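**Q** Take a look at the letters that make up each chain.
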Amino acid sequence: MQIKWLTFGDEELNPFASYNPVRPLVHWYNSRRMNKYVTRIVDQRFAELQNEHNEHNKASKSILDLVLTAHLSENVASKAQPLDLAFRSFTTNQVKLFLFSGHDTTSSTICYLFYILARHPTVLARLRAEHNSVLGPSLDPSRAAITLISDPFLLNKLPYTLAVIKETLRLYPTVSTTRIGEPHFSIIDADADANTGQHFPTDGFCVWDIPQVIHRDPRYWSRPDDFIPERWLVPAGDLLRPMAKGAWRPFSEGPRNCIGQELAVMEMKVILVMTARAFDVQVAYEEVDRAQGGTRGVKTVYGERGYQVQRAQPSGDLPCRVTQRH
Amino acid sequence: MPPWNPILGHLYFCYKIASKLPKDAHPNYLPDMIRRESPNLGPIYYLDTWPFGPQMLIITSTQGLHQVTQEHSLPKYPALKDFLGPISGGFELVTMEGDVWKKWRGIFNPGFSANHLMTLTSSIVEETERFCEVLRELSQSRRIFRMKDLTDNLTVDIIGRIVM
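In order, the protein sequence lines correspond to chains V and Z. End of the first sequence sits at 326 in the numbering used here; the numbers just go up one at a time, nothing left out. End of the second sequence sits at 164 in the numbering used here; the numbers just go up one at a time, nothing left out.
Hints are computed from structural coordinates only; laboratory data are not their basis. Among the hints, erroneous ones may be present.
Claimed, not checked - Heads up, simulated SDA-like pairs for lysine to any residue below, C-alpha to C-alpha not over 20 Å straight-line: (1) V:Lys-245 - Z:Gln-63; (2) V:Lys-269 - V:Leu-155; (3) Z:Lys-102 - V:Thr-69.
What the hints assert, rightly or not - Covered, in the sense of this in silico footprint (three residues per stretch, anywhere, with C-beta under 8 Å from a C-beta of chain V), are these stretches of chain Z: (4) 1-8; (5) 43-57; (6) 60-67; (7) 74-82; (8) 89-97; (9) 131-142; (10) 155-163.
Nothing here was measured: the structure is a model prediction, and the numbers come from that model. Cβ atoms here follow ideal geometry from the backbone N, Cα and C, with glycine treated the same way.
Okay, chain V solo, but in the shape it has when bound:
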């Protein structure tokens, strides 16, 4: 799959990992295939939307429809003509951006949810109890499916599930972002326990907005390396609560924050509701490591074998076994 070949020069801490000369070819090939597929769908949908008298072609709020209807409303002439090539290419690119950014990071986080639940049985038990209480006791995912479809707002009545998701995102955030500094713009460090008032010019620097380090800083979190969903449920003033605004930032903050964060959290809730009671996941690192003749060198971070690699997923893509409970 194309995504395994991407690099930001930081896929491994080995600095030479990004100099694989085959990568550009892979991008180009896969990009042509993706382009053809997505472009075909774009053309088809544009033709459907142009035929606005057909009830079945009413515009939805899919990314594709939002882009195409914006174009149709701005360009009255295009209502009778095929999609111009420049805008068709632009549309394809927007679709591909959301296809990419809307799946890889969520996928890594779902892996970490399974990793966490496999290693914290009391958390899993409490999660299962919440699902039984809100959706009715059943181990069968199909029953949960029917209940959710008939009442999607039940997803807003799962505080412990949300706490598990937030705590997992705290310990294993999957995104960091970068900005470019500007001339004449400096950051002021006014923290009470640091160099008060020191100015840091930003011009020419890559400014790294990285949640990982804030999420584990004892200035902001008590017992920062421990998985404690309760810290999201205790009342204000409790020591477990985050000690500063903006300390939890897996989706960044401000106007450029993640547009899909509510969607991502909703997906995770649905997946947990439908799988947490139905299946037991057993993480298989020990078995896999043994089969490979043991491990060489450092193989844990903060004492955990499932540390983040590559695109922020667990090491080895989280080898595991699953047992059905129903």
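Put chain Z on the given structure of chain V with help from the hints.
**A** Quick look at chain Z alone, frame taken from chain V:
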């Protein structure tokens, strides 16, 4: 700033930190490891990893990040266009700036509103049912599998239904 060498910059410092991590650990661990190893560094510092990386300004305080993401939202780092280029051309919501960004963020926002998300429940549930079928088969076969392979397929299927 961490100990800096006029020829090596911070490479040796980063090498010492990185050698405490697995070789394939994600670089996102670096600033946190720096914090643990050098607790007196202060929350904001420069990091010079030339030629392997850009000159960086690392911010590890909420107050510092507030300045660059909320008070004065700095533009995105230009190399993002190179990273996303093979996927989406390099001119989309993540890399746009200024009025163009504002226009398109406004166009896409309704696609992620709370009300609209509720209408997507059945799509997400249906794809998750397929995921459960795969898990059932794996449960019967008792074999070890890579969870990321499964969750990649699941999230691609979900986002495909939502985006197109």
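**Q** Indicate, hint by hint, whether the structure satisfies it.
**A** How the hints compare with the structure:
Only pairs whose Cα atoms come within 20 Å are accepted, and Lys-245 of chain V paired with Gln-63 of chain Z is accepted, the gap being roughly 9 Å. Among the hinted pairs, Lys-269 of chain V with Leu-155 of chain V is consistent with the structure: their alpha-carbon atoms are about 7 Å apart, no more than 20 Å. At most 20 Å may separate the alpha-carbon atoms for a hinted pair to count; Lys-102 of chain Z and Thr-69 of chain V meet this at roughly 17 Å. Using a Cβ-Cβ cut-off of 8 Å, 0 residues of the stretch 1-8 of chain Z lie near chain V, which falls short of the minimum of three, so the contact claim is violated.
Proximity of the stretch 43-57 of chain Z to chain V, defined as three or more residues with a beta carbon under 8 Å from a beta carbon of that chain, is established by the 9 residues found. Look at the stretch 60-67 of chain Z against chain V: 8 of its residues bring a Cβ nearer than 8 Å to a Cβ of that chain, three or more, so the hint holds. Chain V is given as covering the stretch 74-82 of chain Z, and this holds because 7 residues of the stretch bring a CB closer than 8 Å to a CB of that chain, at least three being needed. Counting residues of the stretch 89-97 of chain Z whose C-beta lies closer than 8 Å to any C-beta of chain V gives 5; at least three are required, and the coverage claim holds.
Restraint check on the stretch 131-142 of chain Z versus chain V: 8 residues with Cβ-Cβ distances below 8 Å, three needed, restraint holds. Here the stretch 155-163 of chain Z counts 7 residues with a CB under 8 Å from a CB of chain V, which clears the bar of 3, and the coverage holds.
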